[in-house]
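Number of protein chains: 2
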Amino acid sequence: VPKNHDRLTERDAIQLLERAFRGQRSSEVEKAIGDDAAVLRGGLVWTIDACVEGVHFDRKWLSIEQIGNRAIEAALSDLGAMGAEPIGALVALTLPKRCTRREIEALAKGQARAAKRTRCPIIGGNITAGPVLSLTTTAFGRASRPLRRDGAHAGDELWLVGKVGWARAGLELLKKRKKKPAALIKAWREPRALIDEGKALVDRATACVDVSDGLAGDAWHLADESDLCIVIESERLAHDNGPVSLEQALAGGEDYALLATGPARRRPSCARRIGRVERGGGVLLEIAGKCRALSRAGFDHLG
Amino acid sequence: VPKNHDRLTERDAIQLLERAFRGQRSSEVEKAIGDDAAVLRGGLVWTIDACVEGVHFDRKWLSIEQIGNRAIEAALSDLGAMGAEPIGALVALTLPKRCTRREIEALAKGQARAAKRTRCPIIGGNITAGPVLSLTTTAFGRASRPLRRDGAHAGDELWLVGKVGWARAGLELLKKRKKKPAALIKAWREPRALIDEGKALVDRATACVDVSDGLAGDAWHLADESDLCIVIESERLAHDNGPVSLEQALAGGEDYALLATGPARRRPSCARRIGRVERGGGVLLEIAGKCRALSRAGFDHLG
Chain V
1 VPKNHDRLTE
11 RDAIQLLERA
21 FRGQRSSEVE
31 KAIGDDAAVL
41 RGGLVWTIDA
51 CVEGVHFDRK
61 WLSIEQIGNR
71 AIEAALSDLG
81 AMGAEPIGAL
91 VALTLPKRCT
101 RREIEALAKG
111 QARAAKRTRC
121 PIIGGNITAG
131 PVLSLTTTAF
141 GRASRPLRRD
151 GAHAGDELWL
161 VGKVGWARAG
171 LELLKKRKKK
181 PAALIKAWRE
191 PRALIDEGKA
201 LVDRATACVD
211 VSDGLAGDAW
221 HLADESDLCI
231 VIESERLAHD
241 NGPVSLEQAL
251 AGGEDYALLA
261 TGPARRRPSC
271 ARRIGRVERG
281 GGVLLEIAGK
291 CRALSRAGFD
301 HLG
Chain S
1 VPKNHDRLTE
11 RDAIQLLERA
21 FRGQRSSEVE
31 KAIGDDAAVL
41 RGGLVWTIDA
51 CVEGVHFDRK
61 WLSIEQIGNR
71 AIEAALSDLG
81 AMGAEPIGAL
91 VALTLPKRCT
101 RREIEALAKG
111 QARAAKRTRC
121 PIIGGNITAG
131 PVLSLTTTAF
141 GRASRPLRRD
151 GAHAGDELWL
161 VGKVGWARAG
171 LELLKKRKKK
181 PAALIKAWRE
191 PRALIDEGKA
201 LVDRATACVD
211 VSDGLAGDAW
221 HLADESDLCI
231 VIESERLAHD
241 NGPVSLEQAL
251 AGGEDYALLA
261 TGPARRRPSC
271 ARRIGRVERG
281 GGVLLEIAGK
291 CRALSRAGFD
301 HLG
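First to last, the protein sequences are chains V and S. When the letters of the first sequence are read in order and numbered with my numbering, they come out as residues 1 to 303. When the letters of the second sequence are read in order and numbered with my numbering, they come out as residues 1 to 303.
It should be emphasised that the hints constitute simulated quantities derived from the structure, not laboratory data. For every residue, glycine included, the Cβ atom is placed at its ideal position computed from N, Cα and C. Be aware that a few hints might be false.
[What the hints assert, rightly or not] Derived PhoX-like pairs: lysine-lysine, alpha-carbon spacing no greater than 20 Å straight-line:
(1) K116(V) with K31(S)
(2) K116(S) with K31(V)
(3) K179(S) with K60(S)
[Claimed, not checked] One-sided and incomplete, this derived list gives chain V residues near chain S with beta-carbon spacing under 8 Å:
(4) L8
(5) A32
(6) G124
Chain V extracted, bound-state conformation (with noise of 0.2 Å):
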């Protein structure tokens, strides 16, 4: 009989479920899981992204196309962290019984919205009955040379390409009923994956992640993946980011941002700098020319 001390966390589960299918090989899988996407012979990737009402999105925060609209660009933002021009996307939806015809079509104009920004057709998909609102986003696309998580160098720069923490800042007005400042509802509401700015990184950047658990989070899937140090330099950081605050930047996640790593002389114009690489291992934060060691939720170890 199973017991409530074993609940294990997400990353335990990534990491049990990692080990269950290792096994499993086949010389057209280049790349399986640890990821944004998995990398297929031929410059191929592939993503699978959910969205569960309750868990993801409320329905007082978000109007129903928004909802759509959402899940379509939080799954290609995987393939925008790969440097991958998309291909198409299947979608499943659990639709609760009380679901109606004017709700669906919502839902799916957000969803037509968001494939057709991003290039990436609706192909398929595959509808089922379930308590919740539930959308899960399957999609595909093709990279000359995938951006990784695992090829930064020590000496490398880190780069950002977009905003961090606006969206976690908007989703706190939000909860508190407020409407001001409207750019920041607006990036939890209405976020965009980047995907030509993941483009533009391909045979740049070493290394790329999208910002989706937080700019700290992710840091730590980069200097996992590649064995490196990150260090985010906070000055850089909060330069052009805003009107957020440090610890809004550092764990807000669902901005979609990328965080990219590089050498300075191979930078494209839609990244700038905010911090660098280093031998070692970890996440830190550079403050005043002090660093200080980063957890993974992004505010463990601030001051």
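Based on these hints, arrange chain S on the given structure of chain V.
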């Protein structure tokens, strides 16, 4: 404000989504919505399938290991129906907070067992919290010439690979807390995607579908997509289908048998003839030389 009479069926919802997503096309996509899987250039086929607790399964009737196993086999059945060799799968798990390590290990063990049996490595995925256990599997494969639903010809035979109605009969036994015949219960608990049989149908069958909704419903899919009439001959169907009623054979889903059409001279040894294809439309059931119309549900017009 949405109204109750605004509710729609699964079929309505699929048509609604089809319209919403129709506008977008890609040169890489050969066949979108309307088949067991989408077909991409190069004979690549791609499907997604969801299994939701309380909708597709109940923990009273399946072990956690069987839930994992069944979810992968059900998704892979779509690749079988396309005649494809599996390349890989991604799995999106929604786990209730009360899920234990032991349960997730059992789930993964079942998934890994099916992945091994079908030669389809699980190469990535996604984990999220949610109100009920849900497993969404996306699978990718390749066929030299994917089997579609729209290729049947008048004059073709109707072929069945595998048994139909067994899973439904087994589920009915479980609901009555009966344990025999064990083979029927096993058919529901441990379905097998017919991967090798699907491959044997390539270049022989003119059209193919997997029997997930029920023989009648899936025959309707062939009739609709091929714009022809499918005649199921009840004596042939019953002859070698074991201890299930005609109603169970026609209406029962989740067997993951394959229903195909093709010329008599090309019928492979794994398939048996259960009917024929004629000009016209819809699905007929022939009993003692007389035909009657068969509904999608498989029983509406049955005497």
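Results for each hint:
Distance check on the hinted pair: K116(V) and K31(S) sit about 18 Å apart at the alpha-carbon level, within 20 Å; holds. Note on K116(S) and K31(V): the hinted pairing holds, with a Cα-Cα distance of about 18 Å set against a maximum of 20 Å. Note on K179(S) and K60(S): the hinted pairing holds, with a Cα-Cα distance of about 13 Å set against a maximum of 20 Å. Below 8 Å, beta-carbon pairs count as interface contacts, and L8(V) has one with chain S at about 5 Å; its hint therefore holds.
With a least beta-carbon distance of about 4 Å to chain S, the hint placing A32(V) at the interface is held under the 8 Å criterion. For G124(V), the interface hint holds, the least distance from its beta-carbon to any beta-carbon of chain S being 4 Å, beneath 8 Å.
Checked against the numbered hints listed earlier, the structure breaks none of them; every hint is satisfied.
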